[in-house]
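Enquirer: Sequence:
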Amino acid sequence: MLQLLTIVLFSSVFAKTPASVHDVQLKNIVGKPVPMSLYKGKVLLVVNTASNCGYTPQLKELETMYKKYRSQGLEVLAFPSNDFKQDPAENSEIASFAKKNYEVTFPIFEKASVTGENKQPLYQVLTTQKSGAIFKDVQWNFEKFLVGRDGKVIERWSSATTPASPEVIKPLEKALAAKK
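For the sequence shown, the numbering used here assigns the number 16 to the initial residue and increments by one for each residue that follows.
Please keep in mind that the hints were generated in silico from the structure rather than gathered at the bench.
Note that the coordinates shown come from a computational prediction; the quantities given were computed from them, not determined experimentally.
Among the clues, some could well be false.
Heads up, simulated DSS-like pairs for lysine-lysine below, C-alpha to C-alpha not over 25 angstroms straight-line [as the list claims (entries may be wrong)]:
| hint | residue 1 | residue 2 |
| --- | --- | --- |
| 1 | LYS151 | LYS167 |
| 2 | LYS115 | LYS42 |
| 3 | LYS55 | LYS194 |
| 4 | LYS194 | LYS167 |
| 5 | LYS100 | LYS75 |
| 6 | LYS82 | LYS57 |
| 7 | LYS57 | LYS185 |
| 8 | LYS82 | LYS194 |
| 9 | LYS189 | LYS83 |
| 10 | LYS189 | LYS47 |
| 11 | LYS83 | LYS115 |
| 12 | LYS75 | LYS114 |
| 13 | LYS167 | LYS42 |
| 14 | LYS47 | LYS57 |
| 15 | LYS185 | LYS134 |
| 16 | LYS185 | LYS82 |
| 17 | LYS82 | LYS167 |
| 18 | LYS151 | LYS47 |
| 19 | LYS194 | LYS57 |
| 20 | LYS42 | LYS100 |
| 21 | LYS185 | LYS151 |
Generate the whole structure from the sequences, applying the supplied hints.
Expert: Below is the structure:
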């Protein structure tokens, strides 16, 4: 019995992180399952969001980017989180807020943790593939991950880096130009 318990504990502690974002299944903001494999062949800009953050106005830039580059294969994906105590709202309120205040049309997923022990599987992949300059985990709302058509992380930016900055646009356009 002790051996079985040890094996179960060992395997849960050292569970394998998926190799690609395409190997993850999540739920959208209304609770519908979404396999990330739907985004194979797309370039993704993944952002952890919060409705009550000083960086929340970046939602407008993200929407502008989405409209400009979507036809070239970009998907902006928002992942609300209350990890930093700036989005206590329910999923329906988050969706309504984003639509009403920023006219967001890009996909928003259900609120979940992006850091710590309860980190959702997508963020396990993202932070494993591309650690931050100092920390592996996400440090604040509106960190951005650029994911290539192959599901691998290309780049990561801090919250202060705006979506419209050349630091983001140049690698984004390069990723969009790369065909699968």
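Enquirer: Against each hint, give a clear statement of whether it holds in the structure.
Expert: Hints and how they fare:
1. Annotation: proposed proximity of LYS151 to LYS167 holds, straight-line Cα distance about 16 angstroms (limit 25 angstroms).
2. Taking the CA atoms of LYS115 and LYS42, the gap is about 22 angstroms. The hint holds against a cut of 25 angstroms.
3. Distance check on the hinted pair: LYS55 and LYS194 sit about 12 angstroms apart at the alpha-carbon level, within 25 angstroms; holds.
4. For a cut-off of 25 angstroms, the pair hint linking LYS194 to LYS167 stands: about 14 angstroms separates their Cα positions.
5. For the hint linking LYS100 to LYS75, the alpha-carbon distance of about 22 angstroms falls within 25 angstroms, and the restraint holds.
6. At roughly 15 angstroms between alpha-carbon atoms, LYS82 and LYS57 fall within 25 angstroms of each other, so this suggested pair holds.
7. Our distance criterion of 25 angstroms between C-alpha atoms is met by LYS57 and LYS185, whose separation comes to about 17 angstroms.
8. For the given pair, LYS82 sits about 20 angstroms from LYS194 by alpha-carbon distance, which is consistent with the 25 angstroms threshold.
9. Distance check on the hinted pair: LYS189 and LYS83 sit about 15 angstroms apart at the alpha-carbon level, within 25 angstroms; holds.
10. For the given pair, LYS189 sits about 32 angstroms from LYS47 by alpha-carbon distance, which is inconsistent with the 25 angstroms threshold.
11. Using a Cα cut-off of 25 angstroms, the hinted pair LYS83 and LYS115 holds, with the two alpha carbons roughly 20 angstroms apart.
12. Taken as a hint, the LYS75 and LYS114 pair is honoured in the structure, with Cα atoms around 10 angstroms apart against an allowance of 25 angstroms.
13. For the hint linking LYS167 to LYS42, the alpha-carbon distance of about 21 angstroms falls within 25 angstroms, and the restraint holds.
14. For the given pair, LYS47 sits about 20 angstroms from LYS57 by alpha-carbon distance, which is consistent with the 25 angstroms threshold.
15. Simply put, LYS185 and LYS134 have alpha-carbon atoms about 29 angstroms apart, too far for the 25 angstroms limit, and the pair is violated.
16. The suggested pairing of LYS185 with LYS82 holds, with an alpha-carbon distance near 17 angstroms, which does not exceed 25 angstroms.
17. With a CA separation close to 23 angstroms, the supplied pair LYS82 and LYS167 stays within the 25 angstroms bound.
18. About 29 angstroms separates the Cα atoms of LYS151 and LYS47, which puts this hinted pair outside 25 angstroms; it is violated.
19. Simply put, LYS194 and LYS57 have alpha-carbon atoms about 10 angstroms apart, close enough for the 25 angstroms limit, and the pair holds.
20. For the proposed pair LYS42 and LYS100, the alpha carbon gap of about 21 angstroms is at most 25 angstroms, so the pair holds.
21. For the suggested pair LYS185 and LYS151, the alpha carbons sit about 24 angstroms apart, so the restraint of at most 25 angstroms is met.
Going through the hint list in order, the structure does not satisfy hints 10, 15, 18.
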